[in-house]
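The residues making up each chain are set out below.
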Amino acid sequence: MQRQVGAQGFAFALLIPAFVLIVGVALWPAAQTMWMSLHKASMIMPGTEFIGLQNYQKQLGDPRFWNAWRNTAYFTVASVALETLIGLIIALVLSQEFPLRGWVRAAVLVPWAIPTVVSSRLWGLIFNTDFGLANYLLRSAGIIQTDRNWLGEVGVALNVTVLVDVWKTTPFMALLIMAGLSTIPGDLYEAARVDGANMLQRFFQITVPLLLPVLLVSVMLRLLDAFRVFDVIYVMTGGGPADSTEVMSTFTYKILFSATQFGFGSSLAGSMFITLLAVSIVFLYALRNRLEVE
Amino acid sequence: MTATQAPAQVRTGAPPRQAARGLTGQRLVALLGKFAFFLLALLIVVWSVGPFLWMAITSIKPDRDLAALPPILPTEITFSHYFALFEQRPFYKYIINSTVVSIATTLICLVIGSLAGYAFGRLHFPARLPLLLTVLVVSMFPQISIVAPLYRIFQSRGLLNTYEGLIIPYNAFALPLAIWILTSFFRSIPAELEDASRIDGSTRLGALFRVILPLSAPGLFTTAILVFIAAWNEFLFALTFTTSIDRQTIPVGIALLPAMYHVPWGNIAAASTLVTLPLVALVLILQRWIVRGIVAGALKG
Numbered sequence: 001m002q003r004q005v006g007a008q009g010f011a012f013a014l015l016i017p018a019f020v021l022i023v024g025v026a027l028w029p030a031a032q033t034m035w036m037s038l039h040k041a042s043m044i045m046p047g048t049e050f051i052g053l054q055n056y057q058k059q060l061g062d063p064r065f066w067n068a069w070r071n072t073a074y075f076t077v078a079s080v081a082l083e084t085l086i087g088l089i090i091a092l093v094l095s096q097e098f099p100l101r102g103w104v105r106a107a108v109l110v111p112w113a114i115p116t117v118v119s120s121r122l123w124g125l126i127f128n129t130d131f132g133l134a135n136y137l138l139r140s141a142g143i144i145q146t147d148r149n150w151l152g153e154v155g156v157a158l159n160v161t162v163l164v165d166v167w168k169t170t171p172f173m174a175l176l177i178m179a180g181l182s183t184i185p186g187d188l189y190e191a192a193r194v195d196g197a198n199m200l201q202r203f204f205q206i207t208v209p210l211l212l213p214v215l216l217v218s219v220m221l222r223l224l225d226a227f228r229v230f231d232v233i234y235v236m237t238g239g240g241p242a243d244s245t246e247v248m249s250t251f252t253y254k255i256l257f258s259a260t261q262f263g264f265g266s267s268l269a270g271s272m273f274i275t276l277l278a279v280s281i282v283f284l285y286a287l288r289n290r291l292e293v294e
Numbered sequence: 001m002t003a004t005q006a007p008a009q010v011r012t013g014a015p016p017r018q019a020a021r022g023l024t025g026q027r028l029v030a031l032l033g034k035f036a037f038f039l040l041a042l043l044i045v046v047w048s049v050g051p052f053l054w055m056a057i058t059s060i061k062p063d064r065d066l067a068a069l070p071p072i073l074p075t076e077i078t079f080s081h082y083f084a085l086f087e088q089r090p091f092y093k094y095i096i097n098s099t100v101v102s103i104a105t106t107l108i109c110l111v112i113g114s115l116a117g118y119a120f121g122r123l124h125f126p127a128r129l130p131l132l133l134t135v136l137v138v139s140m141f142p143q144i145s146i147v148a149p150l151y152r153i154f155q156s157r158g159l160l161n162t163y164e165g166l167i168i169p170y171n172a173f174a175l176p177l178a179i180w181i182l183t184s185f186f187r188s189i190p191a192e193l194e195d196a197s198r199i200d201g202s203t204r205l206g207a208l209f210r211v212i213l214p215l216s217a218p219g220l221f222t223t224a225i226l227v228f229i230a231a232w233n234e235f236l237f238a239l240t241f242t243t244s245i246d247r248q249t250i251p252v253g254i255a256l257l258p259a260m261y262h263v264p265w266g267n268i269a270a271a272s273t274l275v276t277l278p279l280v281a282l283v284l285i286l287q288r289w290i291v292r293g294i295v296a297g298a299l300k301g
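Chain order of the listed sequences is A and B.
Numbering of the first sequence is given in the working numbering, commencing with residue 1 and proceeding in unit increments.
Numbering of the second sequence is given in the working numbering, commencing with residue 1 and proceeding in unit increments.
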């Protein structure tokens with residue numbers, strides 16, 4: 001009990017520096033964005049005018065908004081689904097004992113550490129039309145006859161950016177799934193084997209249900225992250241060709257800093273923010289039991 | 001290995017030696033199965049490291065080899081692209097800027113994060129849960145939703161194109177992860193150790209520095225690596241808040257490289273390889289610590 005005396009004041013004192021930063025650099029600017037989203041404001045016309053929710057109405061009638069929204073949703077779902085699948089396979093392999101496992105695990109981490117800008121350039125090199133490795137390998141294997149312009153084709157470029165994101169973030173997924181696998185007692189598998197369960201049965205009856213909580217947390221974290229995608233798109237395609245890879249972040253960035261429509265741009269940022277906040281709150285609510293125990 | 005040992009593995013992030021062995025077990029001892037398994041492991045390594053190796057190979061190819069494939073391997077090894085980075089443009093400035101910003105961010109984040117982590121991990125106060133949730137929500141903020149107001153704030157304070165203009169937002173965005181990891185590390189230290197120190201006359205702050213922090217060295221180290229890598233790799237803020245090479249960081253430099261060179265691919269590959277090698281080395285040497293940090297940051301809740 002003695003430890004609690006004066007704890008409140010002391011705790012607040014310790015938290016001041018962290019919260020000055022968090023409030024000053026994240027919460028206060030976010031509030032400003034929301035306030036700005038209710039105004040008509042641009043670089044061309046000085047002065048701001050309060051227009052309520054008109055910017056948000058404007059979004060709903062703007063095909064560019066829906067295009068960016070669709071691309072973001074596709075990017076998010078496709079990349080998280082793929083990296084969960086590949087992450088699971090990698091985690092299952094790395095959970096076995098085999099020679100050089102430590103090295104394989106270190107190798108798996110490499111894409112995670114590479115800056116996204118660099119991995120975008122790196123894959124840009126591989127998918128280059130004239131001298132890219134992808135065209136060369138596929139041509140050699142007889143899968144394609146002529147070189148393709150991967151990043152210049154509508155409907156293909158977005159899939160390439162998904163691939164880059166999957167490559168970069170699968171290690172994160174694999175690590176979390178490995179941590180989850182390590183909590184499943186080996187005895188369970190022994191018992192199931194004794195009872196005559198085959199490999200697939202053991203996977204779906206033991207591994208999947210016991211892994212589910214960890215899997216859900218990891219998938220949520222990655223969904224929130226993939227939704228914010230900016231670097232890959234900005235560096236690889238700049239949103240093109242024909243806006244086919246434009247996502248919410250890059251679209252918002254262009255409206256804010258190229259078109260300097262601060263009001264409309266803020267409302268786009270506001271839409272993203274509200275979406276993420278809503279998902280986060282649902283997520284936290286689902287996890288509240290774990291937090292309260294702590 | 002028993003079930004009681006399994007949770008301990010999660011906390012320390014130690015390799016899950018026994019887990020999931022049941023998936024394969026003795027049946028896969030069959031040679032064919034073993035072969036398929038190693039093929040899969042090899043595929044995973046190629047998928048993970050191959051693209052980086054390809055970039056490294058490209059960076060040492062002479063220009064005449066760059067225009068077409070084959071040849072896969074360079075006909076002659078050249079470091080001209082690396083020299084070009086430093087001769088045509090002072091690329092070293094990007095490296096200095098990234099180093100200054102990343103190290104400063106890491107140090108400040110460790111100090112502020114430790115104070116907050118101590119409060120969240122070892123003190124009981126009514127506002128604890130709401131404040132912890134605030135930290136968690138901030139970690140989910142999209143950067144794009146605050147970049148415009150921050151730009152105006154930094155503009156009015158003269159912080160655009162300065163190191164502070166990057167270090168401040170990097171800290172705010174790295175803090176949630178740092179607080180999260182450190183809180184869980186601090187919690188795991190037995191209260192008796194701290195009590196003993198306080199009975200010996202230490203203040204709370206003294207106990208933090210003399211007992212908690214030394215015992216949490218692994219946690220601090222792990223946090224430092226993750227924060228450093230995050231700061232080293234950040235792009236959106238650096239792109240927006242810096243305009244001259246005197247303050248731009250490596251990711252901005254590499255993203256803007258094509259505009260600056262006539263034949264960019266060799267130089268881009270050289271620049272990318274150069275700035276990624278330290279990170280790859282870091283990962284290969286410190287993978288155990290990194291794994292621990294990622295797992296603690298994401299799953300300890």
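Hints were generated in silico from the structure; no laboratory data involved.
Quantities reported herein were computed from a predicted structural model and do not represent experimental measurements.
Don't take each hint at face value.
[What the hints assert, rightly or not] Simulated restraints, written as ranges between beta carbons of each label pair:
#1 B:152 / A:201: 57 to 67 Å
#2 B:50 / A:275: 29 to 39 Å
#3 A:20 / B:71: 51 to 61 Å
#4 B:126 / A:216: 26 to 36 Å
A virtual CB, placed ideally from N, CA and C, is assigned to each residue, including glycine.
Of the hints stated earlier, which fail here? Of the numbered hints given earlier, the structure breaks none, since each of them holds.
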